[in-house]
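Using the hints provided, position chains B and C relative to the given structure of chain A.
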Amino acid sequence: MKLYDAGKIIPGVIIFLLIFLYPLYSNIGGAAPVPKPLLPKPAVAKQCVLPTAEMKAQHMQLVDNWRNWVVRDGKRIWTSPDGRAFNMSLTNTCMRCHNDKEKFCDQCHNYLGVKPYCWDCHLDPKQKKEAK
Amino acid sequence: MLETALKGSKKYWLWLGFLFGLHVIGVIIYFGWQWPKGLMITGLGRDTSWGFYIAQFTYLVGVAASGVMVVLPYYLHHYKKFGRITVLGEFLAISAVVMCLLFIVVDMGKPDRALNIILHPTPNSILFWDFVVLNGYLMINLVVGWAALSAERKGMPTPRWAKPIIYLSIPWAVSIHTVTAFLYCGLPGRHFWLTAILAPRFLASAFCAGPAILLLVAMIVRKVTKFDAGKEAIQTLGKIITYCIILNVFFLALEFFTAYYSNIPGHMQHLTYLFAGLTDHATGVWHGTYVPWMWASVILMLAAIVVLVPPKWRANEKVLAFGCILVVIGTWIDKGMGMIAGGFTPNPMHQVVEYIPTGKELMISLAVWATGFLILTILFKVATTVKEEVEA
Amino acid sequence: MAFNRRQFLKVAGLSTALGLGGKGAFELLWPGEVGATELATRPRALHGKRWGMVIDTRKFKKPEDFEVCTKACHQAHNVPYIKTKRIEIKWIWSAYFFQAFTDQENAYLGETNEGQVLLLCNHCDKPPCVRVCPTKATFQREDGIVFMDFHRCIGCRFCMAACPYGSRSFNFGDPRKLNDQAINPKFPSNGDFPTRTKGVVEKCNFCAERLAQGLLPACVEASRKHGSGGLYFGDLADPNSEVRRALRQHFTIRRKPSLGTHPSVFYIV
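Chains as they are written, first to last, in this note's numbering: chain A, 37 to 168; chain B, 19 to 410; chain C, 72 to 340.
Don't read these hints as lab results, they were simulated from the structure.
None of the hints are false.
Label-pair restraints from in silico Cβ distances:
1. A:48 to B:238: 28 to 36 Å
2. A:57 to C:83: 28 to 36 Å
3. C:83 to B:39: 40 to 48 Å
4. C:174 to B:36: 50 to 58 Å
5. C:87 to B:42: 31 to 39 Å
Note that CB positions come from ideal geometry on N, CA and C, so glycine has one too.
Isolated chain A, as found in the complex:
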């Protein structure tokens, strides 16, 4: 079988491969290390608002629900399944214990290439300290 228009097809296929395989070959050798989020010391907090496994899987939905309950429903106090009451706030609750954004939050987010926009508005603990 003869390949017609080979002069157009072969360069076309090569350009296609160059473009679509870019994410693979541009990252060769640069495998990022497994993220090691730094947990707060036991003196600060022993247990997050929910068990660790649940937080790992669902903290995005939890934060999303919190913001709707605070902003749209005007409710600010949330009680965890194990009966502890918390103020629903990223800066003032979550980051009171997880107070280093680079060493905790960014570890996994950077590894996964996720860019949550929370901190476009909400202050991280460093900015909160400077504000005082």
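Structure of chains B and C alone, referenced to chain A:
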């Protein structure tokens, strides 16, 4: 059918290349400046929060709605003379709606959240309905235009299922511009727009500007392809344009009467700002950048009436084309420049803060227009090639 | 029934789309509530059916009487100071009497005309901004406060066109970058409150976050601390609140009453 757009003369490709170049410049400015820095690169401000982008959107919704002016006579009243121009009207409507949607996107503060309109539908908001009717109209015209054209290519009559959709497109076209007018004419604090006649004014302006653009484009198509929409179709279109430009100027005059005879400051101030300039009571500073433009618009529209009314002049296609150019420029200044800025100036506290679009804002706008014309050119290439095939 | 290749492909394609997209759509549209047990307000929170404010213009004489209010508000809410007036952000500000009350333009008012009036969002009972918002990012709470969900705002600025009072500001750029460091060095000034981001509209929120802690709005507290005390705040639905008392004792006007917005901010003139 799209493959017919891939074969064209050198002029065709040069024209597409030129439009695409403008489009790329706009994309670079939008993503290079407006996306990272925000709308501060425009001339918009706290007082004039909508400006050139939304003004272009408003003008183009009118152009899109004007498709009904060729669809209604042909499909509802079997005016055979429009048989060849309807698909051009539908394709013009498609490219106009695409431009409208693009102008909305470039005007939004957070376009990445655009889906919120669908996730949180709010029927009491006119903007929600504008989203619905504009996208619906786009779908209708795409489906109907394409179905009618492919049927014609295969030598078949327009498919039966398309007929009810075509009938639907007639009130739908009126609705898109009525809903757009409703964006403005229900706002309690904006007395320039708070008038029941805003929707009729918009429709009158649309039904002269849109057909005028269609007529000019049809003449260009006749020059560069073998497709002729027909002398009678062009003349009838000319009659429609003449009546509607008279209505448009009449409605404008009505606005002047109500404002100045009632002597109510809230109503007068915006017209005074546009046509004579206004002094801010607190600062004593006079602003009147729009004055020469607005008078030019009125003169152009009156000249268009003078040129288009005498039947013998209108019968001369060169004069008719000239009249259409006057209509397009005059109505564009009226709607695409004066309508929005005039509504916001003076602001609710009667302060005069003038809005002047910036260069980048104008360039992005030009790029959106170029994108629309790019789509228009490709669609027209398809339509004219198919029709030439069929007539051969 | 003849089942040809075209029909087979249509059915296969549709089933695949529904199968793959269906689960995803379910999770997107009905995410379910993670860990929802009880939700509550703070014990000290102030509750009301219709929050309102009465501004005694006679107590606002000197520029500082206004400044303590505007500074307190803008500092409590991390409102940036933007040098370019065209794109400034202000939640509370002052303007001439004839600018605040455009229906009362009167050349013979003398001193009143030269005087300034404190202006802010009126938290209307029939707010046009809420009517026009396409995403309910601007909405009316049960306590009457016209509140903004900055997470949902798409920045269409329809609310700014709808507001008859000019109370709304848009973030034409990133407020953290636009803030003039020379004039407003302590920005953000309130570590307990977020800033906003470019592309969203903002306005006075009647200090809902302070009410939730049992505190009065920042402007009210500041004017009392300063000694001028021209602001009354309370529940218009409660006949014994200080606002109702003030309304009984004084003649008050509202801005642009003929527009049917029913503002909750009253002015003693």
